[in-house]
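**Student:** Reconstruct the complex from the two isolated chains, following the hints.
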Amino acid sequence: MRISRKWLSQYMDVSDLSIEEMADRITSAGLEVEGVERLAQGTNLVIGQVEECYPHPDSDHLNCTKVNVGDEVLDIVCGAPNVAAGQKVIVALPGAKLCGGEIKKGKIRGQVSNGMICSLVELGVDPHSLSEEQKSGIEVLDQDAPVGNKDPFAYLGLDDEILEIGLTPNRSDCLAAFNMGLEAGAILNREVKLPEYQGAANVGGKTNLHVSSTTEKCPLFLGKVIGEITIKESPKWMKELLAASGMKSINNVVDISNIVMLETGQPMHFYDKDAIVNQEITVASGFDEDYVALDGVTYHLLPEDIVITNQSKPIGIAGIMGGDDSKILDTTKGLIIECAIFDHVSIRNTARRLNLATESSIRYQKGIEPLAASKALDRAVQLLIEYADAKMIEETVQYGDSGYTPVKLSCTLKDINGRLGTDFNVEEVKDVFERLHFEPVYEDGNYTVNIPSYRTDIEGKADLSEEVIRLLGYDRLPSTLPLMEMTEGKLNDKQKLIRTVRNLYCQLGLQDCLTYTLVSTQKKDNAILGLQDPIQLASPMSEERRWIRTSILPSLLDVVSYNHARTIKDVNVFELSNVAGTQGTRMHLAFVLSGLLQQTRWLQYELPSDFYTGKGLIETLFDHIGISAARVSFEANTEDVVHFHPYQSAKILIDKKCIGYLGKIHPQYAKETDCKDVIMAELDFDALVDIKKAKIKFAPISKYPSVQRDLAFVIDRNMPVKKVVNIINKNARYNKEEIIRNVEVFDVYQGEHVAKDEKSVALSITFQSDTHTLKDEEINEVFENILNAIQTECNATLRS
Amino acid sequence: MEPIETLQQEAQTKIQSAASLSELNELRVLYLGKKGPVQELMKGMKDLPKEEKPIFGQKVNQLKQLLSSMIEDKKVELEKKEMEAKIENEKIDITLPGRSPVLGNAHPLNLVKQELEDLFIGLGYQVIEGNDIVDDLYCFERANIPKDHPARDMQDSLYIDQNTLLGTHTTAIQMMVLEKSAPNLPIKVVCPGKVYRRDDDDATHSHQFMQMEGLVIGEKVTLSDLKGTLEFMAKKLFGQDRQIRFRPSYFPFTEPSVEVDVTCHICNGKGCPTCKGTGWIEILGAGEVHPNVLKMAGYDPEKCSGFAFGVGIERVAMLKYGIDDIRHFYTNDKRFLETFKRFD
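Taken in order, these protein sequences are the chains called F and V.
Using the numbering used here, the first residue of the first sequence is number 336, and each one after it goes up by one.
Using the numbering used here, the first residue of the second sequence is number 146, and each one after it goes up by one.
Only chain V is shown next, with the shape it has when bound in the complex (with noise of 0.2 Å):
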């Protein structure tokens, strides 16, 4: 054999056989450097005679080309072996826990209240809200509640003087909207707030409570508008398969007053413990705004008429999320202000 294929053989098979990328650099040094074999074929190259040299020339440049190719793509491979080797001893238990940030979330209450009024303001409604502390001629006088009403005697309710008291419910707010708004038209707004009673707190009473009411005035708002204002966000809070339906009900500031009940949506209806087996769940109260009402704040009656109604927040919370002592609301038990994470 002669001596170019030896050596081709040789180093063919010490390329392959190179473990690591330093022993290839060695073999890579060893045959194509200036004191390797191929050098040494090249430098023995003038001694041939003329016409072999080209021939012989060629041979030596491919054996170098050969042997550098099979360099390279050893190369390729050792290290892409050696990455391979490096990343498998980077290795992680995936399964361990994440760093993950501790994100607190909005308190229930505020939570419902956020997403009322976002769907209100969809239907171009105004937020207003009021002070705690309310003259009582807005949460009685100007609701039509009279006088000698048992809820305007200082044992009734959390009376600071004879004239101001904590208020009973949102109207006193939107009565004060009202005679500011006075005679303009239309009036689109909702006023959530806290509201007071002397209750003793149990399961079921909260002293203290969350309240959302709106009020819709205008040339010609009826009853039916108030229906299908009511029935968009019962859909919205409790599912788009719910239903309303509307009772009779006394309240001194509406005139009808309805009570608001919406199908039960734990049951769909069919009749559950949550609905006391009715599939019906009674979620506010509401009514045309009463002429008494409008008269007092300066608008004439005969010319414009609109819907008020009244949500409690904590009920409809209670109800979402099944939740049965609304005390827990004020207790802030930290594990129960952190199941609420977001609306649903």
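Next up, chain F with everything else stripped away, as it sits in the complex (with noise of 0.2 Å):
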């Protein structure tokens, strides 16, 4: 909304303020200003006269003129093709600053030269609103113009500032610059005196126009014909209105459509009364052809479109554009007037498909208060007698109604202080509603107030709560803590395990991520651990962004390839999303390892990012929050072979139930990923805060001393060491005490001096008890049991 000081001195006086003063006042009070502008800019102007203009000695394309400012001939150079003898011109004086800098005296190719003749464009004026003529030369003023004024802009009528102001979607009301002006008024605390014009358009005799609907989606159509009407040039107030409002003036007629629309908010359209068979308008729909609009372009229509039609052809796109063949020209004779509300978002719909956001369409689809079709037939037709020199007016038709029913409130003191936390008393708050012309009547504590019509946005107490604060300020709001019971802050058991694995893997050298939920068909084909039935957007902003992932590992294998490109190395990175299919959201947990986890290289420590330590990561976490070794298993992978390396990856099973893989890349993928070589693992995070987890109890400490004894054996390459370890772990006890404390895998190897289809293997098992020293005969009875288990069960062969 553009609103310019000349335009709300119609209203009220604000000659005290500055403009700045008012945006402030205006900002504070929510109707943003965004920019204040100048419609020109320039100091140390006059207005002078050319007396005498000769080409430049040494230039073909200068003039030397001599110019007189009233109270001196002035010596300039001027380089503007259109310079001649006998012109009024705006003259900048030496210390004068303009946009493009400050005028000086000097010499310009050996001739004196004591200020400058201006251009519009040199001044400030947006080039959108001028002539070709006028920015290609000086300004030429009429011949009538007063040399030696020192105020050219206010002889232009340029002399105005224009405020920006953003509006709020609910203070579309303020859209109509009448509404702007009462705003403003109660912003500013003035006395606000608007037009009278209530009532104009009650006047005229019998009419054969007849207006109707076939579509819902127009409820109230006013229509009236004015059969005489004189086209000439707008009046200068409305010219330079429209201009500052950044609109061009045409004609008197068609002004007045705008200045009504600017006025009051509601967009009109006048037809040429001729162009209209049988004076009949309706408004329909359901049209699927091809339409000249009046800026000449062909647009299609749809059939969910609003039409205005004439003996069934369309005439208008409603509330958009009108039509070619109906439009006002010079030599329009006569007028029927459209005032009608028509569906928003109908209107929106259209607007946005034809690409075509005109000054109408956009007050169509922010709404338009109900009284303001009525408010602007009365206005159009005021202006038209004084100003078209109306005649032969015929009586308003009107099809639908408004549906407008006064609102009336009522509050109390203690419901707005309440509601705010304020000690405002009773004048304070009368006069806020005083001044929004709400006409408050305070009567035994109670304020009954009645809302203006265009302001819709107010429905009750909080509302009213809002105009009190907004306009007493809320610097007099205080600044207090809720007094209420107390209340435990906490996070729940997910929130706090969400955290431990997070605190967990970032000490362990892991970086957290974050990556986009949506991804494209690859990724989501990709997924690991992926949920069944992928959702997909109804219309998706690209391929790129098409489906809600089903899991995490794509994203963050982008991640790494992101960083390698980079020739950043070790990338080792987790991330916590939730992730989700038709069947429900699920969190994940999932890491991507590459390079080394650990590393000082002159000390040649370091930690590779292989398979085992991925797996000891995974194995870390489930200790850390409670989930034993017992109930942890890894089994070979045989489902996931296609992003895994079949025989470098294992499924994840807690209480024999998979939560997840883990495992090197496969080849073929990584090639795909550019992720060479890298360990990654997909976890279901719900299924760990689900899962029973053991609660920390204190166990005493054996008192009496541990025996280590070692064994090494030889088994086939194939058979795997958990089983082995499992079978002493089934041997543990003696006189049913549990006395293996620990067995520990401290060397595997194959290769030479191992046969081809074999492996060597070291244990180290811990033997205590928590009753007594054990006896070398003790541990020597189970070492035996466990050394003829193995050697049966697994074929192992013992080293010695």
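Read the hints as simulated data drawn from the structure, not as lab findings.
Just so you know, these numbers come straight off a predicted model, no measurement behind them.
Misleading hints may appear alongside valid ones.
[Unchecked claim] Here are the simulated BS3-like cross-link-like pairs (lysine-lysine), alpha carbons at most 30 Å apart as the crow flies: (1) F/K470 / F/K485; (2) V/K448 / F/K825; (3) F/K743 / V/K292; (4) V/K479 / F/K829; (5) V/K292 / F/K796; (6) V/K465 / F/K831; (7) F/K432 / V/K421; (8) F/K648 / F/K571; (9) V/K325 / F/K831; (10) V/K415 / F/K1027; (11) F/K831 / V/K479; (12) F/K541 / F/K571; (13) F/K701 / V/K292; (14) V/K440 / F/K825; (15) F/K825 / V/K380; (16) F/K829 / F/K1027; (17) F/K950 / V/K479; (18) F/K1027 / F/K1011; (19) F/K765 / V/K448; (20) F/K749 / V/K365; (21) F/K1006 / V/K479; (22) F/K1065 / F/K1032; (23) V/K440 / F/K701; (24) F/K1011 / V/K486; (25) F/K765 / V/K440; (26) F/K1011 / F/K904; (27) V/K415 / F/K432; (28) V/K381 / F/K829; (29) F/K829 / F/K992; (30) F/K749 / V/K440; (31) F/K1028 / F/K950; (32) V/K448 / F/K749; (33) F/K662 / F/K583; (34) V/K479 / F/K859; (35) F/K1071 / F/K1030.
**Tutor:** What follows is the structure, given as structure tokens:
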């Protein structure tokens, strides 16, 4: 919304306020002034007359002039092609500050030049509002322009300042200058006087005009025939107001329709009476055809568009643009006025589809106050009579109604102060309502207010409290904390577990990441541990963002390849995020390891990011959160051998239930993702949340010494070492006490000195009792049993 | 000179000049050993006249003690020297880099999210999270956003079907919390989450971002309580000297609605590029919960009231750390992520 100082000055006296002061106060009351614009800028200007003009002796395009500026005659060198003796012009005197810089006394190619003859472009006037002639040369004023006048902007009507106001959606009423005037008056606490125009359209004789609608998208249509009008130039004030609103003046009649729209917020359309056959206008929909609008462009209408028709033929796209056939021409003799309400959603869709954002469509989209149509018609008739010699006016024809019922509200002072936490008194609040023209009555501790028709945003007490605080000022709001019963601030178990895991993995050297939820079809198809039935968006922004992911890993692999491409090595990352499918949302934990996890090169210390590091990260995680190693197993992955290396990957099971996958990337998939040799894992984090976890409990520490025995043997290469360890643990008892406290693998070897299909394994077993110091015989007995068991059950050959 | 004195002098000199523990040990054996001169003197005592024996014996004993203690002292001295020599030999270059373990750190958005959560937990709030996919009933209808609002157009939000979409604001979670809690009081929750908008990604826009909304409902929770709460938050996030101000605004789910500015933490309100010279930075939107919202959830707006606020996690992180491009958060460049070791 653009409103100028001059426009506001029609309604109230703001001569004591600078434009910045007005902007500040209007902004603090909730109508954000996003910018202040001046129509023209420059200091030290004067109107002068060119007395002499002759070619510059040393230039083929410059002229030397003598310009009378009232109190002296200045030598000025001028480069404009249109300069000539006798012209009245705008002169920037030495010291003048213009957009382009400061004007100084000087010489141009040897000739004295003590000023500048200006074009409007040089004075900062918006080139869009200028003709080609004005843009390419100096501004030539009328011959009656007063030489010596030091305010040429006022002479030209360019002395206006414009507030650019960003309206919140609830205040589209302020798109109407009348309403904006009332609002500004309330904010600035001024008496506002709007033009008297009510009832101006209640004149006219019999009419043959017939208006109707065959679509429910037009609840109200006011039509009126003005039999005779005179097309001519608009008065100066109209031109100035239009210019300040960024619109061009066309002729008096078209300008009136625009001025009325700007004043009341109601778009209206004037048809050439003679172009409307049988004086019949019907609003309809259901067209599917091409149509040429008054901008000369062909638009394709669709059945959902609202169309204005005459004799079943489109003559306008309702609320957006009229037609070429019925537009106002210089030869137009009479008018039919259209003043209607259209469904704003429909207007929005049509305007967007046709890419047509007109002043009219913007207003319809934002919603128009219910009484705007009748206000606009009154005002238009008034202006047409005054400025277009309107005669032979016929009575108004109405289809439908506005559906408006006045709103009356009541509230107490306590309602207001109670919501705000303030201490305003009766008079202060009443004053606010008065300023807003709510006609407050205060009786028995109760305010009764009548809400003006244009304030459709005011529906109840809460809205009234906002009016009070925004007009009395938010700086008067105290700062307190809520007084209420104590509540416990806390995270739930899942949130705590998320933090535990995030902290743990960060401490173990992994970097926490966040990647997008929406992924491409390719990533969706490459889900690992993906949920069933992926979800796609109804209308995705792009192919890259079509699907809601069911797995994190494809995105995390992107992170790794992105970093690798920038020669960043050792990328070890994890992410905890929700994934979703039609069956629901799950939280997943995923990590990708590459290069080394830890390293100090000069000490030859390194921890490679290999399968066993990945496995260790998972084992440590489980142990840390209370899932004992006995409940966990890693089994060969036979399900997903597309993404994982079939011989270096595992299913992760807790209590025999698969909750994730871990492994080296398949070389083929590595090629596709640019992620050579990475280790990756994805786990169902919600499963970890739900699973029963051990509570921490103190167990007495044995007072007796522990004994270690080592054991080395050769077994089949494909025999899992875990099987041997399980056998050992099964034989851990002596006299019902488990005396094996730890089994540690300390060497696995295959290669030279070991047969091709065998491997050599060395274990270290720790024995300890809680009741006594173990004797050799006791240990030997258990140890022998173990040796026998692994020889028979695993076909192991002992090594000495 | 008597033989004792001679011996004493000779031994003393030799002990003093012993250069190593082994040499000293040799001297000990030489002088104090069973075949040494002191022992010889003791043996020779039997040939002395009876009256000289005690005196002689005393002298020899004194000599023995003297030499012993001299050797002992020398031993301590030599041991110390040897230790020193050994230690010196063990000198390392302490300027070489340590074997420092690589540590990861929380993603900056998680860092800010956790900080905000903790701050409100300290004030007695619960943290409630929801799903990214929400019913448009909660995302819009219950938040007092009418059916014909542009955000509810299939073209403007990321819809999955007629009724479900990727949440456009965490307000959706709050509306579910409200409905679940009704008619119990009080409610004090913060709801962090990922939200989605139909925006093309550029330096200042992201189709996905994180928000945290707060909701407090009680018998008399006022707009000034909102101000106090947000002032507390602003100080925690941006420093104790911060002040806030409210500017009127509009959100369908709050009335009155405000935009909240905080004094610029870079220039302390004097004006700088970060705050575009105004001294103030917009950080969030907030307001008193709209009576319609309470009514729809099952509360009587005459009997309770409350406030809600929504803060952009990216916005806080960008302001706090001076990050100029929102896409950094989702690119996950290791060099970027590693910067955020702690909240500060």
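**Student:** Now look at each hint and say whether the structure bears it out.
**Tutor:** Verification of the hints:
1. F/K470 / F/K485: holds, 23 Å
2. V/K448 / F/K825: Within the cut-off at roughly 27 Å; holds.
3. F/K743 / V/K292: holds, 26 Å
4. V/K479 / F/K829: holds, 27 Å
5. V/K292 / F/K796: The given pair, whose Cα atoms are some 23 Å apart, holds under the 30 Å limit.
6. V/K465 / F/K831: Given pair V/K465, F/K831 holds - Cα atoms ~26 Å apart, limit 30 Å.
7. F/K432 / V/K421: Roughly 25 Å separates the two Cα atoms, so the pair holds.
8. F/K648 / F/K571: Violated: F/K648 and F/K571 sit about 38 Å apart, past 30 Å.
9. V/K325 / F/K831: holds, 22 Å
10. V/K415 / F/K1027: The hint is violated at about 56 Å.
11. F/K831 / V/K479: holds, 26 Å
12. F/K541 / F/K571: violated, 34 Å
13. F/K701 / V/K292: The given pair, whose Cα atoms are some 14 Å apart, holds under the 30 Å limit.
14. V/K440 / F/K825: With a Cα-Cα distance of about 28 Å, the restraint between V/K440 and F/K825 holds, given a limit of 30 Å.
15. F/K825 / V/K380: Holds, at roughly 21 Å.
16. F/K829 / F/K1027: holds, 13 Å
17. F/K950 / V/K479: OK: F/K950 and V/K479 at ~23 Å, within 30 Å.
18. F/K1027 / F/K1011: violated, 37 Å
19. F/K765 / V/K448: holds, 25 Å
20. F/K749 / V/K365: Status holds; Cα separation ~12 Å.
21. F/K1006 / V/K479: holds, 22 Å
22. F/K1065 / F/K1032: Given that 30 Å is the threshold and the Cα spacing comes to 24 Å, the pair holds.
23. V/K440 / F/K701: Cα-Cα ~26 Å, so holds.
24. F/K1011 / V/K486: It holds: about 29 Å lies between the C-alpha atoms, which stays within 30 Å.
25. F/K765 / V/K440: Measuring from Cα to Cα gives roughly 28 Å; hence the hint holds.
26. F/K1011 / F/K904: holds, 12 Å
27. V/K415 / F/K432: holds, 28 Å
28. V/K381 / F/K829: holds, 26 Å
29. F/K829 / F/K992: Answer holds: F/K829 to F/K992 is near 20 Å, not above 30 Å.
30. F/K749 / V/K440: Holds, at about 20 Å.
31. F/K1028 / F/K950: holds, 20 Å
32. V/K448 / F/K749: Distance of about 13 Å is within 30 Å: holds.
33. F/K662 / F/K583: holds, 17 Å
34. V/K479 / F/K859: At roughly 25 Å apart (the allowed maximum being 30 Å), F/K859 and V/K479 satisfy the hint.
35. F/K1071 / F/K1030: holds, 25 Å
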